[in-house]
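Model the placement of chain B on the given structure of chain A, informed by the hints.
Keeping their order, the protein sequence lines are chains A and B.
Okay, so the first sequence: first residue is 1 according to the numbering used here, each after it adds one.
Okay, so the second sequence: first residue is 1 according to the numbering used here, each after it adds one.
There is no bait here: all hints are sound.
Computed cross-link-like contacts, DSS-like style, restricted to lysine-lysine with a CA-CA straight-line distance of at most 27 Å:
(1) B:K87 with A:K27
(2) B:K197 with A:K2
(3) B:K2 with A:K197
(4) B:K27 with A:K87
(5) A:K87 with B:K14
The set of hints was computed from the structure by calculation and includes no laboratory data.
Protein chains: 2
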Amino acid sequence: MKIRINENFKLIGKNYLFTEIDARVRKFEELHPDKKLLRLGIGDVTLPLTRSVTDAMASAVAEMADASTFRGYAPAFGYDFLLQSIKRHYARFGVLIEASEIFVSDGAKSDAGNITELFGDNTALIPDPVYPVYLDSNILAGRRVEFLPATEENAFLPTHEGLSGEGYIIYLCSPNNPTGAVLDREALSEWVGFALKTGSLIIYDSAYEAYISDGSPHTVYEIPGARGCAIEICSLSKTAGFTGTRLSWTVVPSELIAGGISLREMWGRRQATKFNGVPYVVQRGAEAALSDRGRGECLALVRYYMENAAILTSVLRECGISFTGGTSSPYIWMKCPGGDDSWTFFDKLLDKAGIVGTPGSGFGKCGERCFRLTSFGSRETMSEAASRLIRFL
Amino acid sequence: MKIRINENFKLIGKNYLFTEIDARVRKFEELHPDKKLLRLGIGDVTLPLTRSVTDAMASAVAEMADASTFRGYAPAFGYDFLLQSIKRHYARFGVLIEASEIFVSDGAKSDAGNITELFGDNTALIPDPVYPVYLDSNILAGRRVEFLPATEENAFLPTHEGLSGEGYIIYLCSPNNPTGAVLDREALSEWVGFALKTGSLIIYDSAYEAYISDGSPHTVYEIPGARGCAIEICSLSKTAGFTGTRLSWTVVPSELIAGGISLREMWGRRQATKFNGVPYVVQRGAEAALSDRGRGECLALVRYYMENAAILTSVLRECGISFTGGTSSPYIWMKCPGGDDSWTFFDKLLDKAGIVGTPGSGFGKCGERCFRLTSFGSRETMSEAASRLIRFL
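Chain A on its own, in the form it takes in the complex (with noise of 0.2 Å):
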């Protein structure tokens, strides 16, 4: 064809980073199918939706089974009832969001990919190691990006140390994926002095802010001043097991203005243009998932899977294997024994113990030598997890 095609498309991976993983274990099942691999890889939960959840998608099936109860389109930005439930969680840690700064959508990954049309040329800030969408969609969009070492030495925390730009894009995502890494209300407030000193946006990824057991900030706009310079992007697929049910949200202050125009409109015309709404029957589950009564059933998912983290993290400190993360987080961020770097540590480990983790490198540079092994499995998978590790570390 004589099309002309995005040539940025040549510059990431061929694959993203989980479809690799998916590519090696599937060669090795192949090879070996007598042998039960346990799946500490993908952070994909494991423990079903709550029974408020499952409740209300049941009768929003029912619902759309009637004429007199059917939903066609839904507002572009989500139902109103699940714009109150959100403002209300916000509510949980003392911050007002309006109904009208919220956007619903189908997945904090969708929204951090499609965030970038928003903006023109910028340089973006993005830590290293990084969950993949934030580098590859600024590379699919041809955008100058600046990475922000996240290390043993600074603890896994980037700064902005050095920086003397202006109006940057900066990512940041706490509790951390992949590292576990969480921004205390000292480290957060020092970034959004940065941002608004320097005119720079944060997008916040607080996707996990259910896992914050450590008197952290939940949400960016506990820090005064963050809604003049942040979006956030939460999502319930790791505190309500949304993986496969997806429902996120997005929102952007009104305060928000570059160019002349709120960023709040723009962001409404584009998911108005290239989005049509979540489906009801996840909506509902939504609501219920954000209740009191829901909340009360996720905060318990989220201690079940931090009770797994604790029987890894016990395994690793019992091995001298020095490692972030598995507190305030379901990820655990260890460095690869014996100075392998990640892809080897990942063959060794799938090879020899059958468990799957993720290569640090496929986060970024700053990953290489480091190995990310995540809480999600059943209790009974992270014992024999535990039990493989000692035998193999």
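Relative to the frame of chain A, chain B by itself:
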């Protein structure tokens, strides 16, 4: 803030067409709370989901409530059970599509908008009038656009007459939204031939295929050569009443190669990076809708809406108003009586008859002095609309 924005946002209307209609209707309702409005505007279905679909969705909700059957992240491009159903759906029309060429998503609007990300500096050929998403997404991406007029003169079927360039991105929608015109085998073959000759790519929107009753192709791939020049986007929104349930798919044949890259691989990379799959519950519903029993139920919905269309078109004929569509399409594209412009007629019809339609000018310059009515309402709404139209016209 000092960030630079995507200035192209200033080039599109402030509001998505239907957001603007909503605003006018809301204002009218506030002023006349007693008047019963008949909504023949936005193309939204009104009949409930069919029995096969809601049964399947209810079972899937139950599966999500149980740890042993719970599903987390779906495969990035759709569950194999659904890919196989879609493959069988194409077989209905004698067309072979591989599962690896099908990408399930949350809506034709999303895919039609996001597909522009794959392309570089090409000229987009966009029919006028047109579904606004094709145009707005190209403007936001800063693309050159040439319009293909669809007027009474060419029976609302745009042609490639007078085009001498190469490597176009061509948008076709049949049965057409908004005009209701249908590309028959000859007209579609003509376009495929042009695309092959000029190395162009057709983006074919077949969202209304189930409404075809005149033997015209249901899929572009019924035309020899189309695999070498066409991507097809299809949806269950209008076929199975999925506007509030959300499921569509995009077919990217493996033959499509541009700039040395497979478009199939590019779209896969785009979706894996910025999308995280469709809810499991919805995919089970879609599987049911595409089964033989489900398809039968869907065609009954289609027949109901087409009987509605017949009620409206008989009124227009009676009143001597010229129109297209209403056969093989749920849309009726009428000339505004008395030479009114579209928004004037919109306001008159709302004010005098309490009927909400869609101003043709919202779909493009050639839509000026035209008006779209949809037949998606209940029989009661249509009969009432018919009486009011006769009085008003």
